Each structure stands twice: as structure tokens, then as C-alpha cells.
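Residue strings, one per chain:
There are 10 protein chains.
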Amino acid sequence: MPGIELPEITKKLLAAKEAKGVSFSDLEAAVGRDEVWIAAVIYRQASASEEEATKIVNALGLGGDIASELMACPVKGLGPLVPTDPLIYRFYEIMQVYGMPIKDVVHEKFGDGIMSAIDFTIDVEKEEDPKGDRVKIIMSGKFLPYKKW
Amino acid sequence: MPGIELPEITKKLLAAKEAKGVSFSDLEAAVGRDEVWIAAVIYRQASASEEEATKIVNALGLGGDIASELMACPVKGLGPLVPTDPLIYRFYEIMQVYGMPIKDVVHEKFGDGIMSAIDFTIDVEKEEDPKGDRVKIIMSGKFLPYKKW
Amino acid sequence: MPGIELPEITKKLLAAKEAKGVSFSDLEAAVGRDEVWIAAVIYRQASASEEEATKIVNALGLGGDIASELMACPVKGLGPLVPTDPLIYRFYEIMQVYGMPIKDVVHEKFGDGIMSAIDFTIDVEKEEDPKGDRVKIIMSGKFLPYKKW
Amino acid sequence: MPGIELPEITKKLLAAKEAKGVSFSDLEAAVGRDEVWIAAVIYRQASASEEEATKIVNALGLGGDIASELMACPVKGLGPLVPTDPLIYRFYEIMQVYGMPIKDVVHEKFGDGIMSAIDFTIDVEKEEDPKGDRVKIIMSGKFLPYKKW
Amino acid sequence: MPGIELPEITKKLLAAKEAKGVSFSDLEAAVGRDEVWIAAVIYRQASASEEEATKIVNALGLGGDIASELMACPVKGLGPLVPTDPLIYRFYEIMQVYGMPIKDVVHEKFGDGIMSAIDFTIDVEKEEDPKGDRVKIIMSGKFLPYKKW
Amino acid sequence: MPGIELPEITKKLLAAKEAKGVSFSDLEAAVGRDEVWIAAVIYRQASASEEEATKIVNALGLGGDIASELMACPVKGLGPLVPTDPLIYRFYEIMQVYGMPIKDVVHEKFGDGIMSAIDFTIDVEKEEDPKGDRVKIIMSGKFLPYKKW
Amino acid sequence: MPGIELPEITKKLLAAKEAKGVSFSDLEAAVGRDEVWIAAVIYRQASASEEEATKIVNALGLGGDIASELMACPVKGLGPLVPTDPLIYRFYEIMQVYGMPIKDVVHEKFGDGIMSAIDFTIDVEKEEDPKGDRVKIIMSGKFLPYKKW
Amino acid sequence: MPGIELPEITKKLLAAKEAKGVSFSDLEAAVGRDEVWIAAVIYRQASASEEEATKIVNALGLGGDIASELMACPVKGLGPLVPTDPLIYRFYEIMQVYGMPIKDVVHEKFGDGIMSAIDFTIDVEKEEDPKGDRVKIIMSGKFLPYKKW
Amino acid sequence: MPGIELPEITKKLLAAKEAKGVSFSDLEAAVGRDEVWIAAVIYRQASASEEEATKIVNALGLGGDIASELMACPVKGLGPLVPTDPLIYRFYEIMQVYGMPIKDVVHEKFGDGIMSAIDFTIDVEKEEDPKGDRVKIIMSGKFLPYKKW
Amino acid sequence: MPGIELPEITKKLLAAKEAKGVSFSDLEAAVGRDEVWIAAVIYRQASASEEEATKIVNALGLGGDIASELMACPVKGLGPLVPTDPLIYRFYEIMQVYGMPIKDVVHEKFGDGIMSAIDFTIDVEKEEDPKGDRVKIIMSGKFLPYKKW
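Residue numbers (the working numbering), protein chains in the order written: chain A, 59 to 207; chain B, 59 to 207; chain C, 59 to 207; chain D, 59 to 207; chain E, 59 to 207; chain F, 59 to 207; chain G, 59 to 207; chain H, 59 to 207; chain I, 59 to 207; chain J, 59 to 207.
Since the hints were derived computationally from the structure, they do not count as laboratory data. It is possible that part of the hints are untrue.
[Stated by the list, open to error] Straight-line C-alpha distance at most 30 Å; calculated DSBU-like pairs for lysine-lysine: (1) J:K184 x I:K206; (2) B:K78 x A:K206; (3) E:K69 x J:K69; (4) A:K167 x A:K206; (5) A:K194 x F:K78; (6) C:K167 x C:K113; (7) F:K78 x J:K206; (8) H:K189 x C:K194; (9) E:K205 x F:K69; (10) E:K184 x I:K189; (11) A:K189 x E:K206.
[Unchecked claim] Some residues of chain J that are not near chain G, with every Cβ distance over 12 Å (derived): (12) A77; (13) K78; (14) D92; (15) G121; (16) R148; (17) E151; (18) K184; (19) K194; (20) K205.
[Claimed, not checked] Computed from the model, here is a short list of chain I residues facing chain E with C-beta under 7 Å: (21) S107; (22) V140; (23) P144; (24) E151; (25) T179.
Note that this is a predicted model, so its numbers are computed, not measured. The C-beta atom is built at its ideal place from N, Cα and C for all residues, glycine as well.
Construct all of the structure, not just a fragment, from the sequences and the given hints.
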């Protein structure tokens with residue numbers, strides 16, 4: 059995808075993950091954090107504590123010297139202006155199509171403000187369904203009301 | 059926000075909604091559909107059946123002649139390339155920051171494919187929390203595996 | 059400036075403000091809120107309570123029927139992708155030049171997270187100086203640490 | 059973040075800073091200049107005098123031969139058109155949302171002109187607050203009135 | 059073409075294909091899959107099963123260790139925002155010129171929904187014609203009706 | 059969708075078509091041309107002969123004075139740079155994902171050249187399928203070999 | 059030129075100027091300011107004092123009630139991202155081609171800093187030349203050295 | 059600055075220039091051409107004759123084999139669409155703010171046509187001023203009237 | 059085509075031209091100028107003398123009061139960044155594909171410089187050919203060598 | 059120019075061409091094809107037959123093993139969205155200014171359709187002229203009428 063260039067550390071971790079056959083849910087079990095968050099650490103979109111970083115690196119069978127790289131506060135945001143990967147694009151499309159409806163419903167329920175993307179969690183679940191399994195994404199972000207001054 | 063221009067029908071419905079003091083959850087009760095979906099119909103991002111359209115229009119105290127406009131298949135997508143509204147932008151940011159991590163986790167759980175944005179539902183809930191209420195967004199999209207041929 | 063189109067209500071309020079010779083600091087005194095925030099309400103970048111809206115409208119000598127428009131949660135963000143107005147562009151330039159330095163200093167002082175632009179205030183002050191008066195901008199935003207999950 | 063590529067010298071200095079455990083406020087003490095400005099020198103967004111450059115390099119335990127690179131007038135501006143990093147983006151958002159209100163208030167206080175981003179200082183402070191610490195950003199730029207001719 | 063950078067694995071496979079004089083239709087025969095899909099695997103726009111990957115690699119006379127790279131779920135989308143290659147651009151042009159007409163005809167035949175680009179096949183055929191051979195492209199995508207909720 | 063503005067004549071024809079309950083396949087029968095081509099004429103992406111224009115206008119119950127507008131050579135291309143409508147976007151996605159594979163297969167079958175988008179036809183068919191109906195798109199464009207000189 | 063939309067007041071003044079046959083140098087004589095600056099006022103890129111505004115309006119034979127519009131601090135910047143008008147584009151080209159050379163020469167003569175575009179004048183002169191007259195543009199902007207803090 | 063990548067030859071010449079402590083005005087004296095033009099040759103925005111190239115290379119103490127690289131007709135234009143460097147940006151801003159006023163004044167003085175950016179010279183001078191030195195830029199371009207045919 | 063908005067005067071002239079059944083080559087005969095240039099005047103991309111304007115207006119059967127609008131120096135450039143109309147796009151494609159080859163050949167024949175687009179003529183001819191008629195475009199622009207100074 | 063990156067083979071051929079002092083018209087004589095087309099092959103914008111490729115490579119004194127690279131069907135289009143090189147930009151400008159006039163004249167002479175950029179030749183000639191030599195560009199493209207179906 060034009061515009062995505064993974065950091066060296068990310069490539070190294072993903073290669074080790076593949077070579078060792080470790081899944082993200084294995085990492086979830088080993089680290090005690092959600093797999094999406096761990097993936098975000100690996101993609102350098104989130105920063106880990108020393109303990110978390112060590113656990114991730116260990117679980118992937120890599121030397122502890124790499125751990126510190128996962129503790130740095132990364133420059134975040136991976137993609138190009140409009141993503142070309144179909145899986146990622148669907149989130150862009152959801153924002154384009156349902157952005158205003160969500161906005162209105164949130165304002166009605168909470169008043170003027172936003173859903174935080176920082177005090178925020180996101181889970182990905184598999185919903186088995188005879189008509190075809192479903193991807194369930196659960197986002198939970200603190201409502202932040204606009205401050206007046 | 060530069061790039062957003064609402065259709066006339068949307069403005070008329072929102073004005074009626076405000077004037078009559080009808081909330082989206084009132085509409086949910088009246089129509090028997092989720093409030094986000096109804097908001098999507100009003101913003102001309104989704105199309106209603108005749109019965110649904112009539113219920114929406116009636117609930118807003120408008121004449122039934124408007125109903126047919128809500129039944130047309132709209133040209134979808136409301137916003138500019140990168141949204142400037144902070145609430146909507148946070149979804150863009152989530153895609154930028156968590157897009158690749160989600161992609162990897164979905165592929166691990168389901169194989170190569172995507173979460174449909176068409177066979178798709180989205181709910182907005184208020185999660186009460188003493189440390190500050192939270193916005194909960196639940197997306198559920200059918201997993202579509204890539205077809206080989 | 060290409061890309062800026064003011065809402066009708068904003069034009070009406072600014073015209074009344076000019077015609078009546080009311081300054082933003084007059085509005086500050088009349089409403090009991092900071093002048094920048096009041097300007098943001100007028101430009102439909104912030105929403106007022108009924109009391110605040112009424113005070114603004116009254117101070118500008120306009121009928122109270124307009125007040126409700128100032129209470130709606132606006133679609134925010136006024137400008138084009140890159141602003142062409144020199145005064146506004148300087149803020150873009152500051153972000154381009156000092157963005158990374160600020161980021162590093164904030165991370166060092168606070169850890170991984172951001173300065174909120176929602177739980178946020180901004181003041182504009184005139185600093186008299188014999189070598190040329192200075193514009194002082196004071197931003198204060200709550201630090202939001204990244205949540206882990 | 060797509061579009062940000064740090065110069066070699068910046069990477070070398072940041073690595074040394076991390077390895078030696080030197081903070082920006084240590085550098086502030088060692089150099090006698092504000093930490094944001096020093097960070098700007100390191101990110102090659104500002105140029106140092108020979109004395110300042112030598113102090114920075116020494117404080118990071120690096121050889122003096124690097125110092126001259128910090129004295130060159132850099133090509134400034136680090137980021138992409140619209141920043142994807144959430145911390146930096148918030149400044150873009152502030153410009154989008156509060157740009158016009160600030161513009162009007164500045165014009166009212168000073169007349170037609172701008173806040174200089176060159177004869178300009180910026181400070182980042184930590185404001186302790188029981189409800190959550192706050193990031194305080196203080197900008198001070200000389201007001202430059204438009205010359206007529 | 060600005061914006062297209064092929065992965066190393068793609069370059070290696072295309073070089074082997076050229077060196078060995080293997081055509082895409084040879085690959086079609088060897089793998090038992092359509093040549094366009096196989097080309098998509100080689101360009102890392104689709105993922106193969108172990109058996110398919112091995113067959114592709116073998117047919118190109120390369121070692122099996124490369125096969126696993128073809129099984130990974132790729133980040134998809136090769137080109138720049140607007141393609142400059144004339145052959146690829148024509149598809150962009152078809153979308154620009156016939157996009158709305160197709161949309162209307164699809165809606166009339168199927169209702170509100172889309173043609174899936176995931177549950178999707180595409181064939182390229184040569185139509186011999188005395189007035190000049192023709193390229194025939196046959197797309198077949200599952201119709202996905204918008205879900206209501 | 060930002061960037062799409064239909065010509066007045068298009069709006070008038072579509073409104074008449076809806077009011078009269080005429081389908082595109084009714085028009086196909088009345089005009090003796092494919093429904094996609096007729097839709098392209100109505101969207102002002104193709105030009106009709108006098109006879110064709112008259113038949114279209116008559117079938118929609120409109121006065122013949124409008125017919126001449128359908129005979130003019132239109133400025134073609136309806137959408138924004140990247141379409142936001144999901145149905146139209148899928149064609150953009152197909153170009154992003156399958157553009158290079160198609161290019162290679164076409165070159166292998168035909169040599170260096172392109173599929174014409176002018177000496178070109180496109181059909182939309184409904185493929186009934188118990189697992190879900192399918193949209194079938196058949197494009198046929200003359201192969202144009204690059205001329206050497 | 060796409061992206062340029064003149065304000066109503068500008069159109070009115072230019073029409074009056076044309077109708078009355080007043081040239082910019084006539085205005086220069088009438089107002090006692092440079093013709094480029096006066097043109098900038100008319101295009102709403104600069105703000106006039108009451109006296110200047112009145113002189114401009116009078117010279118164009120228009121009523122004084124328009125004068126106040128020329129006194130407002132305008133939102134500046136007229137054109138699209140990249141200008142299409144050949145005369146204006148040449149200035150963009152000069153920046154593209156000579157931007158870095160000028161930057162280096164300015165830094166060598168003045169140190170790190172910029173030429174102000176606010177404390178700035180610009181003159182347009184006709185240089186008669188037997189080989190073809192020449193356009194002479196003289197810019198004079200205060201050098202602003204970067205402040206350190 | 060994103061988008062600026064200097065050619066190898068430019069880096070080599072600038073490094074030699076810095077190492078030897080040669081200024082652009084030294085080069086002006088050595089070559090007998092204006093320093094801005096010489097800087098343009100070094101940045102590969104202009105092409106030198108063999109004699110000029112040799113003089114430049116000699117003055118920088120480099121071997122004559124490099125000279126021929128300065129004689130090639132370069133692909134010109136260094137920067138990104140909108141420059142981020144503040145010094146260069148000011149020229150973009152001048153074009154945005156004063157582009158239309160200059161256009162009108164030029165047309166009034168010369169008729170329809172442009173100032174050539176090819177038959178063109180540009181000088182940078184230092185204007186000493188007790189209130190702060192000024193940067194003076196003098197452009198002189200041949201007026202090219204539009205040909206009619 | 060998104061981004062093209064014709065001036066009122068252009069629409070009026072084109073409507074008159076169509077109503078009266080006057081072709082561009084009729085106008086060529088009536089005005090004594092090439093039809094492309096006349097079309098450029100009508101599209102407000104070129105300016106006419108009083109005599110030429112009057113002839114154009116007369117030939118279209120319109121009142122002489124319109125003539126003066128054709129004498130003004132227009133803001134030139136009609137289209138969006140990348141044209142979507144297939145006929146116009148082909149010129150963009152020719153520039154993309156043959157731009158560098160033409161550049162090299164011109165430099166070899168003429169030295170460093172450009173083909174003027176101002177001292178420039180363009181003719182469109184029909185070349186009859188049994189294998190299909192051809193469009194012949196002949197451009198002739200003065201070579202402008204780069205001035206040194 | 060940002061966005062142009064030449065393939066390795068192109069750089070090698072251009073270097074050999076320069077080293078050997080071979081001109082494009084020498085190549086024209088040696089290959090029996092037009093120099094612009096040969097330059098297009100070298101820039102990898104066109105594909106040669108084995109015989110043509112061998113002649114080109116031989117004329118440049120390079121080994122025949124390179125020839126096959128010139129026979130591959132290239133990914134075409136060299137430049138950025140809007141070219142910054144002044145010579146190439148003029149073709150963009152011609153398209154912006156004369157695009158619509160050419161379109162109308164072509165439609166009038168030929169009906170609805172386009173000039174092919176594939177069944178297309180382009181010649182560059184030097185027109186000697188005492189008032190300054192002229193660059194003559196002759197394009198000849200087959201007219202392709204829109205097919206109806």
C-alpha cells in the first residue's frame with residue numbers, strides 16, 4: 059500500500075512471530091494485555107512498560123535488548139491519506155457513511171463533545187454465525203465534553 | 059466542515075426533528091429500527107422501505123409526500139477526504155493508528171478477507187462510568203473471505 | 059480564502075456586531091465567558107447554553123429566536139487543508155516546525171499521551187512591549203495518557 | 059507517520075540522548091536555552107550558535123565535530139500535509155476549530171496583521187491538577203502590522 | 059509510475075517467470091487457478107494456500123522456501139491515487155464516466171447494495187475480431203444488500 | 059458524495075423517470091440501446107443521435123425540446139478524485155488491487171497496448187445464484203496496440 | 059481559475075473601475091498609495107483606513123457606504139493550491155526553481171531567518187527594452203531573525 | 059522539508075563550499091555571474107557552460123570531472139506542492155495574497171501576457187535599515203504578450 | 059467534470075452559437091483568426107481586440123454590449139488538477155508519458171530552455187485516413203533559452 | 059522534480075549516451091525510428107522489438123544483455139500530479155488553457171470521441187525563425203468515436 063513503511067523493529071518482530079508460530083492471542087496470554095493493543099505496540103502505535111516490552115520480546119524468542127525500542131513513545135499513524143487496503147478502507151468508508159449519523163446520536167446522548175481516541179480501548183471478536191461468521195469490533199472511549207472558559 | 063453539504067431533504071427533516079423535539083431514540087421506538095440507522099436514512103446514507111419511510115416522516119410530523127425521497131438509493135459518503143470535525147476525525151485517527159493492528163488480528167482469526175461494511179450494523183451506547191461516561195461503539199460486519207477462482 | 063464558507067447565522071451575527079460596534083471583549087463582559095470561546099460560538103465552532111446564547115444574541119441587539127441556533131452542536135473545522143490566510147497559516151507553520159519538538163518534550167514530562175483539544179482553553183492576550191507589542195496565546199489542555207487494555 | 063523522515067544527525071543525537079539518559083530539561087540547564095528550542099535544534103528546525111551547539115553536543119557526550127551541523131540554517135517543516143500523529147494533530151485541529159475566532163480577536167486587539175512565528179517563543183509547562191494534569195503551551199509572537207506602501 | 063513500488067518477492071517471481079519463459083496461462087494450467095488470480099498472488103494482492111503457493115513457486119523453478127511468503131495476507135492496493143499508466147488509467151476512467159450509470163442500473167436490478175470486490179472473480183479474455191481484437195473483462199461479484207438494523 | 063453535481067437536465071430526466079415509473083430496461087426496450095449506455099446519456103456521459111434522444115425523452119413523457127441537450131458532446135467524468143460511494147468505490151478498489159495483474163495478463167495476451175475505454179461497451183447483468191445473486195459486469199474494449207513511429 | 063471566487067465588493071469595484079475607465083495608477087495618484095497595494099485592498103487582501111477607503115470609493119464614483127467594507131481585516135489568500143493562471147503560476151514556478159537558491163543566499167547574507175511578507179512592499183514596474191519590455195518586480199521585506207529563547 | 063531531496067552532486071558541492079568557507083558572493087566574484095544564479099546551478103536548477111562549470115568547481119576546490127554534471131539541463135523544481143520551510147513559504151504566501159493584484163496591474167501596464175520566468179533574472183540584496191535590515195528581491199522578466207493566430 | 063465552471067458569458071455565447079448553427083470554422087472565416095484561438099476567447103482563456111470581439115459577437119447574432127467582456131484579460135485555466143474528461147485527459151497522459159522524452163529532445167536541439175506557451179499557436183486539423191481519420195495537433199511555441207545573469 | 063525517479067536501465071542508457079556523445083537524432087538514424095519514440099523507449103515509456111532494442115543498445119556501445127529490458131511492457135507515466143519542471147509544465151498549462159477549446163473544435167470536426175494517445179505519434183521539430191527559433195510539436199492520433207451499444 060503506498061505510504062505504509064514499517065519500522066525495522068516491526069519487521070523483526072513480525073518475522074520472529076511468524077517463524078515461531080506465535081499468534082496474537084498467544085501474546086495476549088503471555089503479556090496479560092489485549093491482542094489488539096499488543097499488535098499496536100508491535101506496529102509502533104503504542105508504547106509498552108518495561109515489563110510488558112520484555113514479555114512481548116521474550117514470547118517471540120528475541121533478546122531483551124530490543125525491548126527498550128517498544129517503550130519509546132512512537133510517532134503514530136501508519137497509513138496514507140486514503141487507505142488502499144480493502145480491510146482498512148472499510149473503516150474509512152464507515153466514517154464516510156456513518157460519521158454524521160454517529161455524531162448526531164452521540165451529541166443527543168451526551169451533549170457537545172467527542173469520544174476519546176486516547177482513553178480508548180478496541181476489541182476484535184469473532185462472532186460465529188451459521189450464515190457466515192461476523193467480525194465484531196467494540197470501541198469504548200471516554201466521552202470528553204467540550205470545556206467552556 | 060469544508061466538503062459537507064447536506065441534501066435539502068436532510069435539512070428539512072432535521073429542522074422538523076428539532077422543532078418537534080423528537081429524539082433519535084424516539085424515532086427508534088416509532089420505527090422499530092436502530093437510531094443510528096434512522097439517522098443514516100435521514101442523512102441520505104441509507105434507504106428505507108415505504109413503511110419505514112412513512113413512519114419516520116410521520117414521527118416528525120411531516121407530510122407523506124416526502125417519504126419517497128427516503129426510499130431512493132442515495133449516493134453515499136458525506137465528508138471531505140480528511141474530516142475536520144473532531145468527533146468524526148477520531149474515527150479517522152483510530153483507522154490511522156489501529157488499522158494495521160486490527161488487520162493482523164482479523165487475518166489471524168479469520169484468514170484473508172475483510173469485515174463487510176454493507177452486511178454491517180453499528181450501535182452507539184452510553185456506558186455510565188463514575189470516572190466519566192464512555193461512548194461504546196459496537197460494529198458487527200460479516201466476515202467476507204477472499205474468493206479464489 | 060478558498061474553502062472557508064461561513065454559515066448564514068455567523069454572517070448575521072458578525073454584521074450585527076459590526077453595526078452595533080460591539081467588541082469581543084464587550085461580549086466577554088456581557089456573557090461572562092472568554093472572548094475566544096464566544097467568537098468560537100459565533101463561528102459555529104462551539105455550542106452555547108440557552109443562557110449564554112441569549113446573552114450573546116441580546117448583546118448584539120438581535121431577536122432571541124436566533125439563540126437556539128447557537129445551542130446546536132456544530133460540525134466543526136472551518137478552513138481548507140492548508141490555510142492561505144497568513145495569520146492562520148502561522149499556526150500551521152508552528153505545528154510544522156515545532157510539532158516534533160513539542161511532542162518530545164510533552165512525552166518527557168508526561169509520558170505517552172496527548173494534550174486534549176476538547177478539555178481545552180485558549181486565551182489571546184496583548185503583551186505590550188516597547189520593541190513591538192506581542193501576541194500571547196495560552197493553551198491549556200488536559201493531558202490524556204494512552205489507556206492500555 | 060508518513061512524510062516524516064528524520065535527518066541522520068537528529069537520529070544520532072536522539073540515540074545518544076536516550077543512551078545517556080539526558081532529558082530535555084537537563085539540556086535546558088546545560089545550554090541555558092529553553093528545552094523546546096533545544097529540541098527544535100536537534101530536530102533541525104532551528105540553528106544554534108557555535109557555543110550552543112558545542113554545549114548540546116557535549117551534554118550528549120558526542121564529539122565536537124558534530125556541532126557544526128547544528129549551526130547550519132535548516133530546511134524547516136517536518137511533517138506531512140495533515141499530521142497523523144494524534145499529539146501533533148491536535149494542534150492542526152486547534153487551528154481548524156479556533157483559527158477564525160483567534161484571527162478576529164487578534165484583529166480587534168491589534169488591527170490588521172499577524173503573530174510572528176519567527177520572532178516567537180513557545181513554552182511547554184506541566185500544570186498539576188487534581189482532576190488530571192494539564193499541558194500548558196505559551197506562545198508569544200511579535201505582532202506584525204501589515205505595512206502599507 | 060510514481061507510487062508503485064513492488065515487493066522484493068514480486069520482483070523475484072517476475073524475473074524467474076521471464077527467465078524461464080513461463081506465461082500466466084502456463085501458471086493457470088499448473089496451479090488450476092485463473093491467471094489473473096495467480097498474477098494477483100505474485101503481485102501480493104492475494105494470498106495462496108500452501109499447495110497453491112508451492113505449485114506457483116515450482117512452476118517458476120524457485121525453491122520452496124519462498125512459498126510461505128505467498129501465503130501471507132498482504133497489504134493490498136498497488137497504485138497511486140490516480141494511476142498514470144494508460145492501461146490502468148482506463149479502468150479509472152470507466153469508473154469516472156460509467157460509475158453513476160452502473161450504480162443506477164445495479165440499484166434498479168438489485169435494490170440498495172453493492173457488488174462485492176471480495177466475493178469476486180475477474181477474467182480477462184481475448185476476443186478475436188477482424189476489425190481489431192478486443193479485450194473482454196468479466197467481473198462477477200456477489201450482490202451485497204445493505205443490512206438494516 | 060462531495061464532488062458530484064448533476065446537471066439540471068439529468069435531474070429533470072431522473073425525476074420524470076421516477077414519476078413515470080419507467081425503468082432503465084424499459085428505456086432499453088424503447089430506444090434499442092443498452093440500459094447502461096442510456097443511463098450514461100442521461101447522466102451526460104454519452105451523446106445520443108437525434109432519434110435516440112427523442113426516444114428517450116418521449117419514453118419519459120417529456121417535451122422534445124429537451125432532446126437536443128442529450129445530443130451535445132458532454133464534458134465527461136462525474137466523480138471526485140476518490141469516490142466515497144461504496145458501490146462506485148469498489149471499482150476503484152478493483153483497479154487498485156487487480157490493476158497490475160490485469161495489465162500483465164493483457165500484455166501477455168496482446169502485447170504492449172491498452173483496452174480502449176472509447177471503442178468500448180459495458181453490460182450489467184444479474185446472475186441468479188442460490189448462495190446470493192451476483193452482479194456480472196462485462197466490459198469489451200478494442201485492444202489498441204501502441205503505434206511506433 | 060478553479061478555486062478563485064471574488065467577493066461581491068471586489069466585483070462591484072472592478073466593474074465600476076472598468077465602467078469609469080479609471081486605471082490603477084489613477085487610483086495611486088488619487089489615494090497616495092502604491093497601485094499594487096490599492097489593488098490588494100480591492101481584492102480584499104489588505105485593509106484600508108477610513109480615509110484611504112473613502113478615496114478609493116470616491117475615485118470609482120461609488121457611494122461612501124461601501125467604504126467600510128474595505129476597512130475590515132480580510133481573510134487573505136485568493137487562489138487554489140497550485141494556480142492555473144499562467145501569469146500567477148510563474149511566481150509559483152519561481153518559488154519552485156529559485157526557492158532553495160534564494161534561501162541559501164539570504165541565510166548567507168543575514169543568518170537564519172526570513173523575509174517578512176507582512177512588513178513588506180511590492181512594486182511592479184515597466185522596464186522599457188528594445189528587445190522587449192520587461193516586468194520588474196521589487197519586493198522589500200524586513201529581515202526577521204529567528205528568536206532564540 | 060518533505061518532498062525535497064537534493065541530488066548527490068548538490069550535496070557534494072555544498073559540503074565542499076562549507077568546508078572551504080567559500081561564500082556565494084565569493085563564487086559570484088570567481089565566476090562572473092550572480093550568486094543566485096550560481097546557487098541555482100549548484101542546486102541543479104540551471105545549467106552552466108563548460109567555462110562556468112569549471113570555475114565553480116575550481117573555486118570549491120573540487121576536481122574538474124564534476125564540472126560536466128553542472129552542464130546538463132536539469133529537471134527543475136525542488137519543493138513539495140506547498141513548501142513547509144518558512145522562508146520559502148513566504149513566496150508562496152506572496153503569490154496567494156498579491157497574485158491577483160499583480161496580475162491586474164501587469165495587464166494594465168502591458169496588456170494580456172505574462173512575465174517570463176525563463177528570460178528572467180532575480181537578485182537578492184541586503185538593504186540596511188536602522189529599524190531592521192530588509193531583504194530586497196528584484197525580479198526582471200521579459201513581458202511576453204499572448205500571440206494571436 | 060468536477061472543477062469546471064464556465065463563466066456566464068461563455069454559456070451565453072455557446073448557446074447562441076448552437077442556436078444559430080454557427081461552427082467554429084464559420085467563426086474563423088468571419089473573424090480572420092484560427093478557430094482554436096476563437097474558442098479560447100469564448101471560453102475566456104484569451105482576450106480579443108475590440109474589432110475581433112465585435113466580429114465574434116456579431117457572427118453569433120448577439121448585441122455589441124457583450125463584446126467588451128471578451129476584451130478583458132481573463133483568469134486562465136479551466137480544469138481541475140487532473141482532468142476527468144477523456145479527450146482532455148489524453149493531453150495529460152501525453153505529458154505524463156512523453157514529457158521527459160520531449161524534454162530531452164528539445165534540450166538536445168535547442169539547449170536549456172522551454173517552448174513558450176504564450177508566444178504560441180495551436181492548430182487542430184482533420185487528417186483523412188482510410189484506416190480511420192486522425193486528429194492532428196500542431197503546436198508552435200517560441201523557444202525561450204534560460205537567461206543567465 | 060519531486061516524484062520522478064528514473065529506472066536503473068534509463069540512467070545507464072543516458073550515461074552511456076552522454077559518454078559516447080550519441081545524440082537522439084544519431085539514434086534515429088541508427089534505429090530507423092523517430093527520436094522521440096526512442097527517447098520514450100529509453101525512459102521506459104515504450105517497448106521495443108528485439109531488433110530495435112538491439113540497435114539502440116549497440117548504438118550506445120552497451121552489451122546486448124540489456125536489450126531485453128527495453129522489450130518489456132513498462133508501467134508508464136513518469137511525473138508527479140502537477141509537473142514542476144518548466145518545460146514539462148508548459149504542456150500541463152496548454153491542457154489547462156486550451157483543453158476545452160480543443161475539445162469543442164475536435165467534437166465539431168469529428169463528433170463525440172477522442173484523439174487516441176496510443177495510436178499516436180509525436181514529432182519535435184526545430185523551426186528556424188529570425189525572431190527566435192520555434193519548437194514545433196506535431197501530434198497525430200487516430201480519432202476514436204464513442205461506440206454505442
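Item to complete: Answer holds if the nearest beta-carbon of chain E is closer than 7 Å to that of T179 (chain I); otherwise answer violated.
Response: Violated, because the Cβ-Cβ distance from T179 (chain I) to chain E comes to roughly 28 Å (cut-off 7 Å).
Worksheet item: Between K189 (chain H) and K194 (chain C), is the straight-line Cα distance small enough, at 30 Å or below?
Response: holds, 23 Å
Worksheet item: CA of K205 (chain E) to CA of K69 (chain F), is that 30 Å or under?
Response: Satisfied, since the Cα-Cα distance of roughly 28 Å is no more than 30 Å.
Discussion item. For a C-alpha distance cap of 30 Å, please report whether K78 (chain F) and K206 (chain J) respect it.
Written reply: holds, 26 Å
Worksheet item: Does A77 (chain J) sit more than 12 Å from chain G, CB to CB?
Response: Its Cβ never comes within 12 Å of chain G, the nearest being 28 Å, so this holds.
Discussion item. Please verify that the nearest CB of chain G lies beyond 12 Å from K184 (chain J)'s CB.
Written reply: Non-interface label on K184 (chain J) holds, nearest chain G Cβ at 21 Å vs cutoff 12 Å.
Worksheet item: Was E151 (chain J) rightly flagged as not at the interface, with every chain G Cβ beyond 12 Å?
Response: Non-interface label on E151 (chain J) violated, nearest chain G Cβ at 6 Å vs cutoff 12 Å.
Practice prompt. Answer holds if the nearest beta-carbon of chain E is closer than 7 Å to that of P144 (chain I); otherwise answer violated.
Written response: Cβ of P144 (chain I) sits 6 Å from chain E, so the hint holds.
Practice prompt. Measuring Cβ to Cβ, find out whether K205 (chain J) lies farther than 12 Å from everything in chain G.
Written response: At roughly 31 Å from the nearest Cβ of chain G, K205 (chain J) sits farther out than 12 Å, so the non-interface label holds.
Worksheet item: Taking 30 Å as the top limit, are the C-alpha atoms of K194 (chain A) and K78 (chain F) close enough?
Response: violated, 43 Å
Worksheet entry | Pairwise hint evaluation, K189 (chain I) against K184 (chain E), where the allowed Cα distance is 30 Å at most | Since the Cα atoms of K184 (chain E) and K189 (chain I) sit roughly 22 Å apart, the hinted pair holds (cutoff 30 Å).
Worksheet item: For the hint on V140 (chain I), does the least C-beta distance to chain E fall short of 7 Å?
Response: The hint holds - V140 (chain I) has a Cβ within 7 Å of chain E, the shortest such distance being about 5 Å.
Of the numbered hints stated above, those contradicted by the structure are hints 5, 6, 16, 17, 21 and 25, listed in ascending order.
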